[in-house]
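Novice: Chain order of the listed sequences is A and B.
Residue 18 is where the first sequence starts when you use our numbering, and the numbers rise one by one after that.
Residue 18 is where the second sequence starts when you use our numbering, and the numbers rise one by one after that.
Here are some of the chain A residues that sit facing chain B, going by a computed Cβ distance under 7 Å:
#1 Asn198
#2 Thr273
#3 Ile312
#4 Phe315
It is worth saying that the hints were derived from the structure and are not from the lab.
Remember, it's a predicted structure, so these values are computed and weren't measured experimentally.
C-beta: ideal position from N, C-alpha, C; glycine also.
Read off the chains here:
There are 2 protein chains.
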Amino acid sequence: MGIVVIGTVAIDDVVTPFGENLDAPGGSATYFSLSASCFTRVKLVAVIGRDFPKKHIQLFKKKNIDIEGLEQKEGKTFRWEGKYGWDLDNPQTIATHLNLLQSFNPVIPQSYKNEEMLFLANIDPELQLKVLDQTQAKIIAADTMNFWIERKRNKLLEVLKRLDILIINEYEARQLTRESNLLKAGKKIISYGAKKVVIKKGENGALFVSKSGFFTCAAYLMEDVLDPTGAGDTFAGGFLGYLSKSKRYDDSAIRTALAYGTVMASFAVENFDIKGLAGLTSVKIQKRLKVFKRICSF
Amino acid sequence: MGIVVIGTVAIDDVVTPFGENLDAPGGSATYFSLSASCFTRVKLVAVIGRDFPKKHIQLFKKKNIDIEGLEQKEGKTFRWEGKYGWDLDNPQTIATHLNLLQSFNPVIPQSYKNEEMLFLANIDPELQLKVLDQTQAKIIAADTMNFWIERKRNKLLEVLKRLDILIINEYEARQLTRESNLLKAGKKIISYGAKKVVIKKGENGALFVSKSGFFTCAAYLMEDVLDPTGAGDTFAGGFLGYLSKSKRYDDSAIRTALAYGTVMASFAVENFDIKGLAGLTSVKIQKRLKVFKRICSF
Chain A
18 MGIVVIGTVA IDDVVTPFGE NLDAPGGSAT YFSLSASCFT RVKLVAVIGR
68 DFPKKHIQLF KKKNIDIEGL EQKEGKTFRW EGKYGWDLDN PQTIATHLNL
118 LQSFNPVIPQ SYKNEEMLFL ANIDPELQLK VLDQTQAKII AADTMNFWIE
168 RKRNKLLEVL KRLDILIINE YEARQLTRES NLLKAGKKII SYGAKKVVIK
218 KGENGALFVS KSGFFTCAAY LMEDVLDPTG AGDTFAGGFL GYLSKSKRYD
268 DSAIRTALAY GTVMASFAVE NFDIKGLAGL TSVKIQKRLK VFKRICSF
Chain B
18 MGIVVIGTVA IDDVVTPFGE NLDAPGGSAT YFSLSASCFT RVKLVAVIGR
68 DFPKKHIQLF KKKNIDIEGL EQKEGKTFRW EGKYGWDLDN PQTIATHLNL
118 LQSFNPVIPQ SYKNEEMLFL ANIDPELQLK VLDQTQAKII AADTMNFWIE
168 RKRNKLLEVL KRLDILIINE YEARQLTRES NLLKAGKKII SYGAKKVVIK
218 KGENGALFVS KSGFFTCAAY LMEDVLDPTG AGDTFAGGFL GYLSKSKRYD
268 DSAIRTALAY GTVMASFAVE NFDIKGLAGL TSVKIQKRLK VFKRICSF
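Turn these sequences into a full structure, and let the hints steer you where they fit.
Specialist: So this is what it looks like as structure tokens:
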């Protein structure tokens, strides 16, 4: 068991209606790794600059995340500036500074090559393809975003053909397929070549579609969401982390995995940046899963 | 067991992206009655004009809906003209012709007075209060809409204080409480005096809140929705119909009732007006409930 993740490790400047959080740890691979490491062995591939704070690297180590593939180079770390409105959904991107990401050439270290699962977190589909050429993983999952759907649709469709699981949000699913109905969108994504698709609906749960059917997972309803940044990557981390741990990919395992993804995302959003994930224990996760089951089963 | 419902029996002119449906049977009490009658005895209080087609009255009879309280008077039936966009959500009201509804003075027939449950479907809160003064029902539930929240807020708050269950949609819940978070909105409604509240979220399921907690119910995901008119009233009919039949109001019964409400609404929206409900059998309902459980349990 074990997951290799390739994505961004970033510095975020985030503004939500509840406050400003500058120079915060962020990035798709950061959230994914911290979440998945609660379930399974995680091996990280990403690039950071000399400006990336040591304490966050220490946190990766503390969480037993393998950082052999975390390249630290001269230059600046990728930086994202975003702003959320009162709906706490779909943030406005104020600025994206690619910095070292611009010349990133991801290489999977030799010691990562036996891991069963690969997650291509949100990053340029051309980089995702480069990584796909280096892997022998049995289960390959990926995420993407509106930016790539608009600008690199054809490369993204190439990635899709090679995926076991695509994990995207509802806006991306609609944009990618030009279908407003999410079930139709899910089926269309399957027709593009991905074997399975998880469509994340934020505070409205998630939808899973495969060739053989579909099912839904409710959201963990919360009164106080402070910062939704990273919720989707954290969801993916819980989802794939559980699958990696359980070594099963049948419907029943996937249902449970969706629930774990949901629960992990709920921890992420109730605090700024990675604070909700940093001190998370297995006991807390199990306790919330129990509550979640209680509030959405019948 | 048995439910008295007071609301509108109407003629609707509805336009959806999939077609135009003119002179169609509609109204809150119509959808509610047809749905609830699949579970329990329903007794209808409403007013219609001479223009209301006989065949729809025949349908009420065929469904064993008691129409002693359905007053037919000289004049025209209440008429609603609405238009749905591609989101098939929140229709635009093109016109509302109150007609006989303007002078409606609802009277609960003597033979209705022993029923255990009363549902005040969406209608002027002043009329809802008049009905409340005539009832000895043990369980009182109600719905309302944006029009009354704006124009008769104080009367509506008087109604709320006397309710066991308020059943409204997410837009109404936010408007009524001025809270964007639905869980907070639900708790605020409880603080207004309603003992329990069901917040309907359309294709995103439903949320139940009471003093002792909350839980959620997923939606029955569909590829093809033709006409969402009456979905909310149909949901309420399935929800209360099941509770009336089961004679239980504990959490477990309410969870099952939410599922039945969801399933009933799914039948309503897959066809125009009441067509999806008219020929519905118990076997079809049970079959869909089974599918629903399968797609949203974990």
